[in-house]
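**Q** Residues per chain, in single letters:
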Amino acid sequence: MTIAATTPARRHTFWKLARTEAVLLLRMPGPLIWMALLPVAAAVVLGVVPGTSRPAKALDGTSYLDTYLPILMMFTLLMSGVNLLSSLLSSYREKGILRRLSASPVPPSRLLGAQALIYLGVGVAIDVVLLVVGIACGVPVPHQLGGFVLSLLLVAVAVLGIGVLITALAPSARLAQAVSTVVLFPLMFFAGLWLPRTQMSPALRTVSDYTPLGAGARAVQASIEGQWPSTAALLVLVGYALACGALATRVFRWA
Amino acid sequence: MLQLRPGPGHIGVGIHRSVGAGTHQTGFGFWLGGRYRLRLTRRILDIEDNFDERISAVAVIEVERLRKVYGEKVAVEDVSFTVEEGEIFGLLGPNGAGKTTTVECVSGLRRPDGGSVRVVGYDPARARAEVTARVGVQLQHSELQPNLRVGEALELFSSFYEEPADWRELLDVLGLGPQVKTRFAKLSGGQQQRLSIALALVGNPTLAILDELTTGLDPAARRDTWSLIEAVRDRGVTILLVTHFMAEAERLCDQVAVIDEGRVAALGSPAALTSRLEVNQRIRFVPSKSVDDALLAALPEVESVSRRGEEVLVVGNTEALAAVSTLLARLGVLAHHLRVEQPSLDDAFLAITERAERTQPARHQYPATRGGDR
Chain S
120 MTIAATTPAR
130 RHTFWKLART
140 EAVLLLRMPG
150 PLIWMALLPV
160 AAAVVLGVVP
170 GTSRPAKALD
180 GTSYLDTYLP
190 ILMMFTLLMS
200 GVNLLSSLLS
210 SYREKGILRR
220 LSASPVPPSR
230 LLGAQALIYL
240 GVGVAIDVVL
250 LVVGIACGVP
260 VPHQLGGFVL
270 SLLLVAVAVL
280 GIGVLITALA
290 PSARLAQAVS
300 TVVLFPLMFF
310 AGLWLPRTQM
320 SPALRTVSDY
330 TPLGAGARAV
340 QASIEGQWPS
350 TAALLVLVGY
360 ALACGALATR
370 VFRWA
Chain W
6 MLQLRPGPGH
16 IGVGIHRSVG
26 AGTHQTGFGF
36 WLGGRYRLRL
46 TRRILDIEDN
56 FDERISAVAV
66 IEVERLRKVY
76 GEKVAVEDVS
86 FTVEEGEIFG
96 LLGPNGAGKT
106 TTVECVSGLR
116 RPDGGSVRVV
126 GYDPARARAE
136 VTARVGVQLQ
146 HSELQPNLRV
156 GEALELFSSF
166 YEEPADWREL
176 LDVLGLGPQV
186 KTRFAKLSGG
196 QQQRLSIALA
206 LVGNPTLAIL
216 DELTTGLDPA
226 ARRDTWSLIE
236 AVRDRGVTIL
246 LVTHFMAEAE
256 RLCDQVAVID
266 EGRVAALGSP
276 AALTSRLEVN
286 QRIRFVPSKS
296 VDDALLAALP
306 EVESVSRRGE
316 EVLVVGNTEA
326 LAAVSTLLAR
336 LGVLAHHLRV
346 EQPSLDDAFL
356 AITERAERTQ
366 PARHQYPATR
376 GGDR
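The listed protein sequences derive, respectively, from chains S and W. Mapping of the first sequence onto the numbering used here: residues 120 to 374, in sequence order. Mapping of the second sequence onto the numbering used here: residues 6 to 379, in sequence order.
The following block holds chain S by itself, in its conformation from the complex:
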């Protein structure tokens, strides 16, 4: 059994599934376009309007675009990894697609893995667009680019964990959709979407440090300013990814 699981033929099915799912995603690009449109349009507006693209006093000399670009990038990862992934996976479960795979030699976890990879890719691709738009509108290139990329990748993995966990726990596709929408608000709040982290009270910021997107914002901000992100922030992200992933594998229902 263990030998069969590692033969090239079996590994090949992962990519076959991933390719099929990617084709299906592009065949129905509606949700994808909507998801990409919102943050990109927001970044363009912030970058074009002089009031938001120039340094502002209220933000300690950085512009609104500088402040919000990383938040929009995390928002994108969240939408892709939580909303799109959980609604699709739970609809697959409802239709019996995951159960059908359980009865084949390919375990449904491989489809889940393929989906996670695709939505990670989607989030990263839109983030690249956002970064290019930002830089074109005068946002300085992050000084610690490696730390910046690592931080965002860890955010992406952590939110994928959350997305899979929501799918695992939600009994229906509709509920998965509802829960992932509701979860969006506190996560984005602590990322600083409504109140930038620099303006949060120390207590609130401490709470924010322990939320996935708060920790992500902290790590990303540090790397923009030229420092390597703090180990604590990175560990929080890794912790969310591992905890959600482990819990999801325990409770995930395939049917």
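None of these hints come from the bench; they were simulated from the model. Please read these numbers as outputs of a predicted model, since none were measured by experiment. Where is the CB? At the ideal position from N, CA and C, for every residue including glycine. One or more of the hints may lead you astray.
[Stated by the list, open to error] Negatives, chain S to chain W, calculated, CB over 12 Å:
| hint | residue |
| --- | --- |
| 1 | V159 |
| 2 | G180 |
| 3 | P315 |
| 4 | D328 |
| 5 | E344 |
[Said to hold, decoys possible] Which chain S residues face chain W? A few, computed with CB under 10 Å, are given here:
| hint | residue |
| --- | --- |
| 6 | Y211 |
| 7 | I216 |
| 8 | L220 |
| 9 | A222 |
| 10 | P224 |
| 11 | V225 |
| 12 | A374 |
[Claimed, not checked] Below, in silico cross-link-like pairs of lysine-lysine (DSS-like), each with a Cα-Cα straight-line distance of 25 Å or less:
| hint | chain 1 | residue 1 | chain 2 | residue 2 |
| --- | --- | --- | --- | --- |
| 13 | W | K186 | S | K135 |
| 14 | S | K214 | S | K135 |
| 15 | S | K214 | W | K186 |
| 16 | S | K135 | W | K191 |
| 17 | S | K214 | W | K191 |
Chain S is already provided as a structure; the job is to place chain W on it using the hints.
**A** Relative to the frame of chain S, chain W by itself:
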């Protein structure tokens, strides 16, 4: 309970079938030929060998005292049956009898709470790789990705198996050739059903499990599907069929198990089940010239004779038709508009499940009576 154990006659049927499969190698889907010929040779050698060993060697499914509980609810109480290689085995039963739970345990999608299940020699809940490679499954209420095209689905699933069938050929056999580029959501119910059968067969399985195969199909599509299943069996695939259509079981199945309230209420061939019924044959005909009712009534096979206008109604046991026609022939009488109403599997099914209902209260009363005795 009626139990039929495979005897020599059964093997004869099996060999006959195998030869048939070997000779019809033309045109469509010769996708089991090689393996099957080998099996045939082995089978003949085995017969010369040890008879008992052969029996156990060809059992594709062995279910013994299966039990499955969901919380408080007992879905399967005590189910045992054996499916031999090359058979179409039917699981019949009213809704909620435990048929689907039983096949889910056989396909390894559920872990039994008690008893044992062996499929192609393995425990299906544990040896997932071995079992999924050899067992094709068509699940009830199972859909595919709405925008996945028929051809893509089959190509994808065929890539899951070491030695898959040629999916294009399979597509033609199932009459889905024109739909190769159609998305799943755009298929009709019957086409979706056929695709799901194709997916069950694309891995070249030893055993195909088909749950509620023709539910939701129109009568024409149902008949087409039946022919298809027979063609699949003729290629040597053993089939476990779940159904609540008696006509389907009567037409297709070599053996059936009637499951009622989580237990096997009857086990045997459809013919054996119906013949065990104490239901009389009713023979109606219009004689070409007058016949003395007393002569008919005198036949030991006949229970009663009555007339409605010109028509004679003879009620008797299962041999009554032979006796009546012999007598009429001797008298030189032709039987016009001859109709024989035989008990169908439907009647047998109703009788079996009703009998179970009748005996149920008695079973529950048993401890109370004992208590009274003490």
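**Q** The structure should be examined with respect to each hint, and the outcome stated for every one.
**A** Hints and how they fare:
no., hint, in the structure
1, V159, "25 Å, holds"
2, G180, "50 Å, holds"
3, P315, "41 Å, holds"
4, D328, "40 Å, holds"
5, E344, "45 Å, holds"
6, Y211, "7 Å, holds"
7, I216, "6 Å, holds"
8, L220, "9 Å, holds"
9, A222, "4 Å, holds"
10, P224, "4 Å, holds"
11, V225, "5 Å, holds"
12, A374, "7 Å, holds"
13, W/K186 with S/K135, "18 Å, holds"
14, S/K214 with S/K135, "21 Å, holds"
15, S/K214 with W/K186, "21 Å, holds"
16, S/K135 with W/K191, "23 Å, holds"
17, S/K214 with W/K191, "15 Å, holds"
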